[in-house]
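Visitor: So the chains spell out like this:
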Amino acid sequence: MNFENTGISLDGIPSAEEVQWRPVEPGLKKVKLYGWAIWWVIIFMVSAAVMFFIPGLMQINIGMAVFAVLATLCWFHSFSIGKSLMYKAFSIREHDILYRTGWIFRSIKAIPFNRVQHCSVSAGVLGRKFEVRSIRLFTSGGFAADVLIPGLNPQTATDLQEWILNKIHQDGRAD
Amino acid sequence: MEEQIDFSKPQRQPIQAIVQALLKSFASALKSIWPFALAYIFNLKSQDNPRKNTVWLILMLGLSAFIVGYTLIEFFYLRFMIRDKELVIKKGFFIKRELVIPFEKIQAIHLDRDWLQRLLGIAKVSIDTPGTTHTEERFFLTNSMAKALRDAILNQPISHTVSESAEEAHLPVINLSGKDLFKLGISANFLKAMLVLLGFAIARADDLSGITGKTSWDWVEWIEEKTAGGTVLLIASGITIILVVSILISFGLVILKYGNFSMLQTTKGFHIRSGLINVREKLVPFKKVQFISWEANWIRRHIPYYLFHFHIIGDHEISDKWRIAVPVTRPAFFPLLFQHYHPELPKGTPFLTMSGAYVGRNILYAAVFSIAAILISWLLGWEQALWLGVIFPLWVIRSIIHRKNFKAAISTEAIQINHSIFSKSHSLLRWDKVVSVLVKQNIFQRHRRLATLVLFTGGGKVELPYIQLSDANRLRDYALYKVED
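Residue numbers (the working numbering), protein chains in the order written: chain A, 1 to 175; chain B, 1 to 485.
To be clear, the hints were calculated from the coordinates, so they are not data collected in a lab.
Check the hints yourself; a few may be wrong.
[Stated by the list, open to error] In the DSS-like style, the derived pairs of lysine-lysine whose C-alpha atoms are separated by at most 30 Å in a straight line are:
(1) B:Lys287 with B:Lys347
(2) B:Lys482 with A:Lys88
(3) B:Lys482 with B:Lys407
(4) A:Lys83 with B:Lys440
(5) B:Lys440 with A:Lys30
(6) B:Lys440 with A:Lys167
[What the hints assert, rightly or not] Pulled a few chain B residues facing chain A out of the computed Cβ check, cut under 8 Å:
(7) Val435
(8) Asn442
(9) Gly458
(10) Asn473
(11) Arg476
No experiment lies behind these values; they were computed from the predicted model shown.
Built from N, CA and C at the ideal position, the CB exists for glycine as well.
Please model the entire structure based on the sequences and the hints provided.
Guide: Given below as structure tokens:
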């Protein structure tokens, strides 16, 4: 069996470092903050109920300590949402799409269009209220290999979906 | 003997398959209600509350009747047919569902036959489809019908003739001799079997605590009490018995799994058949193989025996139980397994290693975890909590060995990851099989300009942790170039 093992020349290969990043819509921050605010209200209420019903916990110093811990966590969480949104961005190239995310744990995921099986646009109640949509690109690699880009303008999301579907069909015909 | 089956007309499951369907329903129901059934039997003996017993009996009989009724209705309402290169499955009485699977989306068709199915002359047909909307459809057919359906989907003529001699065209690739099977059985990881056995015993002891009045921890204390006055010989005998039982169990499991193993080659793929009692068959189409891997446990790596895996589309979404590994008992088997994918990268191929920062991070994690474990155990009143300090050196040694043995060999067409700690693993991925690429960094990696590169395929992922950020970016760009070119 003939086996060649030539060295890799990376000259001329386009780099994903030199792309124009497009940030997500500012409305996404409101969607995230309002969405989490509901959960934080529930967490505060459950904590208060636990302190009220369990004998011995209904003390002012314990109450203050629990409130301080929860308030700090809540503040840090909303701060981290704001920070992470500053880094969230996407970029579309001729043959692939790149998505950048994370504040503490940063990542850049790239999906070539010829590996996309299909794509969907979605919006929750808050997303519809604040005019933001999410687009999900499905691959054969399952959930971990897919990419979900949140915080897109509704028109951009629809145009992008249509463009990607056309691209998939074109690639299919070329095959 | 030839049988003509017209799949363009709706077909249903054979009547003998109803035995299998009912048994499966009962087995899953019994898994949920067996502690209650035991409680009922114990209550029956005590005769202290006959009215309560009657309620329990009615509930159990009612549940059984419901299961039988539901299974029968669902069984008779399942139909399937082939229509314009699509497999159409209609099922359900209460909730009607029509599933249309285009042939090109079908990744694999598995035919499995356990002892009961062989007795009934039927086979379980499983259809794999890819992606997050992954659906694995399962139904039962007669052996001839199952083979006809498989061939009809793979060869595509709707009216298909089944010939019993069709498999004669298949070329044998691997067959295991009795000696191979024995060596494979004896080299199984018996420590894993021992842990599984202990885990099972603890879970069942806790399940039965309502009846026996003793939890798993109470049983441990009971054994401690009984062995406190025992001699060293008694304790050594106990340990030897546990080891022998674990070895016998793991040996038996391997024989059951790989007995009658055969691997045949057709023009489209490998046809793997394995199992002494529960026979599993898998067709591995050459084109659907995403990446390949082979591994040896801490015993087999010295023989050397390997288990070889073909990772096909959708493979990562099925449980280990349904995966079939190919036992490689002779080095001569390797070229046969590589030939339709990519040869193993030779020694001397340029390679990447993990950064030394990987060990540094693990020292930090191990220290934090060990101190937390000692503190928590001490606060809970365990006097020998300091023993948990042994976690620290073990963790650090493991990370040093892992870093030392990790190598990612890179060629223009493929990447091969070799790593070992106690066991030895190799993964080989062709660049053109990548579906998406991820470069990720935590704070620790960002400060040192390191990154972890993840290459996703339709059959799972291959990861290169703690490599230089510049290398990760260059490999990502190269992977995208190879996929898009």
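Visitor: Hints first: check each against the structure and report whether it holds.
Guide: Status of each hint after checking the structure:
no., hint, in the structure
1, B:Lys287 with B:Lys347, "holds, 27 Å"
2, B:Lys482 with A:Lys88, "holds, 27 Å"
3, B:Lys482 with B:Lys407, "holds, 22 Å"
4, A:Lys83 with B:Lys440, "holds, 17 Å"
5, B:Lys440 with A:Lys30, "holds, 26 Å"
6, B:Lys440 with A:Lys167, "holds, 28 Å"
7, Val435, "holds, 4 Å"
8, Asn442, "holds, 5 Å"
9, Gly458, "holds, 4 Å"
10, Asn473, "holds, 6 Å"
11, Arg476, "holds, 6 Å"
Taken one by one, the earlier hints all hold for this structure without exception.
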